[in-house]
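Respectively, the protein sequence lines represent chains A and B. Just add 47 to the spot in the first sequence (first one is 1) and you have the numbering used here. Just add 5 to the spot in the second sequence (first one is 1) and you have the numbering used here.
By construction, these hints were calculated from the structure, which means they are not laboratory data. Wrong hints could be hidden among the right ones.
[As the list claims (entries may be wrong)] As a list, the in silico BS3-like pairs of lysine-lysine whose alpha-carbon atoms are at most 27 Å apart:
| no. | chain 1 | residue 1 | chain 2 | residue 2 |
| --- | --- | --- | --- | --- |
| 1 | B | K68 | A | K117 |
| 2 | A | K288 | B | K57 |
| 3 | A | K304 | B | K57 |
| 4 | B | K68 | A | K256 |
| 5 | A | K280 | B | K86 |
| 6 | A | K73 | A | K304 |
| 7 | B | K68 | A | K68 |
| 8 | B | K57 | A | K49 |
| 9 | A | K69 | B | K86 |
| 10 | B | K86 | A | K288 |
The primary structure of each chain is shown beneath.
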Amino acid sequence: MKYIDEYRDKSLVLELVGQIKKASAKHITLMEVCGGHTMSIQKFGIPSLLPENINLVSGPGCPVCVSSRKYIDQAVAYSRLKEVIITTYGDLIRIPGSTTSLDEEKANGADIRIVYSVLDALKIAKDNPDKKVVFLGIGFETTAPSSAVGVLNAHKAGIKNFFLYSSHKIMPPAMAALIDEGVKIDGYIAPGHVSTITGSGIYKDIAEKYKLGCVISGFEPVDLLRSILMLVKQIENNDPKIEIQYSRVVRPEGNLKALQMLDEVFELKDDWWRGLGVLAKSGLGIRKKYADYDAEIQLTVEVEPTKEDKGCICGEILKGLKKPKDCKLFAKACTPIDPVGACMVSNEGACNAYYRFNRE
Amino acid sequence: MCLSIPAKVESIEGEMAVVSVGGTTYDASLQMIEGVEVGDYILLHTGFAIQKISEEDAQETLKIFKEFEDLNQQLDEEEQKSGNRIT
Numbered sequence: 048m049k050y051i052d053e054y055r056d057k058s059l060v061l062e063l064v065g066q067i068k069k070a071s072a073k074h075i076t077l078m079e080v081c082g083g084h085t086m087s088i089q090k091f092g093i094p095s096l097l098p099e100n101i102n103l104v105s106g107p108g109c110p111v112c113v114s115s116r117k118y119i120d121q122a123v124a125y126s127r128l129k130e131v132i133i134t135t136y137g138d139l140i141r142i143p144g145s146t147t148s149l150d151e152e153k154a155n156g157a158d159i160r161i162v163y164s165v166l167d168a169l170k171i172a173k174d175n176p177d178k179k180v181v182f183l184g185i186g187f188e189t190t191a192p193s194s195a196v197g198v199l200n201a202h203k204a205g206i207k208n209f210f211l212y213s214s215h216k217i218m219p220p221a222m223a224a225l226i227d228e229g230v231k232i233d234g235y236i237a238p239g240h241v242s243t244i245t246g247s248g249i250y251k252d253i254a255e256k257y258k259l260g261c262v263i264s265g266f267e268p269v270d271l272l273r274s275i276l277m278l279v280k281q282i283e284n285n286d287p288k289i290e291i292q293y294s295r296v297v298r299p300e301g302n303l304k305a306l307q308m309l310d311e312v313f314e315l316k317d318d319w320w321r322g323l324g325v326l327a328k329s330g331l332g333i334r335k336k337y338a339d340y341d342a343e344i345q346l347t348v349e350v351e352p353t354k355e356d357k358g359c360i361c362g363e364i365l366k367g368l369k370k371p372k373d374c375k376l377f378a379k380a381c382t383p384i385d386p387v388g389a390c391m392v393s394n395e396g397a398c399n400a401y402y403r404f405n406r407e
Numbered sequence: 006m007c008l009s010i011p012a013k014v015e016s017i018e019g020e021m022a023v024v025s026v027g028g029t030t031y032d033a034s035l036q037m038i039e040g041v042e043v044g045d046y047i048l049l050h051t052g053f054a055i056q057k058i059s060e061e062d063a064q065e066t067l068k069i070f071k072e073f074e075d076l077n078q079q080l081d082e083e084e085q086k087s088g089n090r091i092t
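Model the full assembly from the supplied sequences, consistent with the hints where possible.
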């Protein structure tokens with residue numbers, strides 16, 4: 048497939064591995080903060096190609112994993128209202144809430160529909176005027192614009208029964224919080240698709256204030272290895288900066304149209320992250336102007352008290368302090384079929400990636 | 006939901022396009038980008054085209070490696086001659 052196969056070329060991969068080995072001397076830790084990178088790195092066996100002095104850790108790149116169980120509990124509560132149709136991306140359906148999951152509720156008769164796009168949810172709202180269609184908006188800056196379009200299109204078309212339940216978050220505060228907490232990171236493999244929307248300027252503080260390099264990377268083996276090489280060179284030369292490896296889609300200014308839509312619909316608010324606690328101005332809340340489409344304002348439900356599972360160390364894994372294999376529950380009590388934490392069941396979770404690709 | 010995939014624009018009708026990925030077609034809204042034409046490649050994410058793929062930059066990324074190959078060969082030869090490691 049074009050724009051994929053070329054970046055999996057074996058000779059290029061071997062060339063880059065050779066370059067990295069030649070250029071790299073210091074013991075360094077590189078962190079990626081993107082669920083897609085988590086998966087790609089494990090799927091392609093990148094760690095096994097690198098010299099021992101380069102340690103790759105996974106950070107809070109899985110938006111589902113960093114969200115509170117309360118989000119699922121509240122979505123479940125909405126789904127139990129007779130007039131509500133829940134519309135959601137597929138990856139939320141099996142995430143454990145405190146006592147149940149959307150999948151279980153669906154099996155018990157709740158009207159929960161997996162959609163490919165928010166536009167499908169709008170269509171469902173149009174086709175079911177007597178129902179309230181709640182769209183579950185989870186994701187970072189890559190996905191938030193889609194939710195913004197949902198609200199804007201509903202507003203334009205006069206669709207009054209579409210509601211967004213937003214748990215959207217933004218990356219930079221989490222990247223800074225990790226450094227503030229003293230997590231040992233020598234450079235960031237920066238998220239490729241978040242950056243497609245936001246542009247490269249969002250990492251300015253990380254590079255200038257914290258003096259850590261950020262290389263915005265694509266997702267194929269050639270992209271990842273090239274990004275690692277760029278970070279290695281920055282570190283060896285003591286020259287931390289923002290670089291775009293994924294230049295075929297990431298422009299320094301990002302996608303201005305998408306950014307405008309984001310700004311129109313959302314404003315920053317403080318938000319809770321698993322492993323990091325409450326981070327200032329890290330979440331996206333729906334502006335008052337669009338309160339008519341805000342599920343949290345328009346629908347009233349009672350939500351069960353949030354229960355976290357003891358023994359689950361998703362919080363520490365999301366900070367890169369522990370790896371999935373350090374968890375007592377990994378591959379025993381917690382598996383993708385029967386998960387305890389979100390990290391194991393989300394298709395962007397570190398534990399899921401390790402379970403599928405790195406279990407020895 | 007970082008999952009996005011390169012897709013080729015097969016047809017456009019207003020703000021919607023039909024795009025193809027390895028033989029399968031999908032609907033993609035063009036609401037977030039401008040100046041897309043049939044034959045362009047876009048990045049598809051949750052039913053939206055979120056960016057156009059630059060063929061020029063794509064080739065550039067692949068080209069650099071070939072340059073390194075030559076440089077590496079040159080350095081290898083120099084190292085062999087002088088017996089010193091070059092970084």
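Need the status of pair K68(B), K68(A): alpha-carbon distance at most 27 Å? holds, 20 Å
### Agreement of K288(A) and K57(B) with the hint, judged by alpha carbon distance not exceeding 27 Å
holds, 25 Å
ask   = Does the alpha-carbon distance linking K68(B) and K256(A) stay inside the 27 Å limit?
value = Violated - the C-alpha atoms of K256(A) and K68(B) are around 33 Å apart, more than 27 Å.
Measure nothing beyond the straight line between the CA atoms of K68(B) and K117(A); if it is 27 Å or shorter, mark the hint as holding. Not satisfied, since the Cα-Cα distance of roughly 48 Å exceeds 27 Å.
For the pair supplied as a hint, K69(A) and K86(B), confirm whether the alpha-carbon distance does not exceed 27 Å. Roughly 18 Å between the alpha carbons, so the hint for K69(A) and K86(B) holds.
Pair hint outcome, K57(B) versus K49(A) [Cα-Cα no greater than 27 Å]: Judged against 27 Å, a Cα distance of about 14 Å means the pair holds.
Check your understanding: Does K304(A) lie within 27 Å of K73(A) when you go C-alpha to C-alpha?
Key -> Given pair K73(A), K304(A) is violated - Cα atoms ~42 Å apart, limit 27 Å.
- Task: Take the C-alpha atoms of K280(A) and K86(B), compute the straight-line distance between them, and say whether it is at most 27 Å.
- Result: holds, 25 Å
Practice task
Compare the distance between the alpha carbons of K304(A) and K57(B) with 27 Å, and conclude whether the hinted pair is satisfied.
Solution key: holds, 13 Å
> Does K288(A) lie within 27 Å of K86(B) when you go C-alpha to C-alpha?
Replying inline: violated, 35 Å
The structure shown violates the earlier hints numbered 1, 4, 6, 10.
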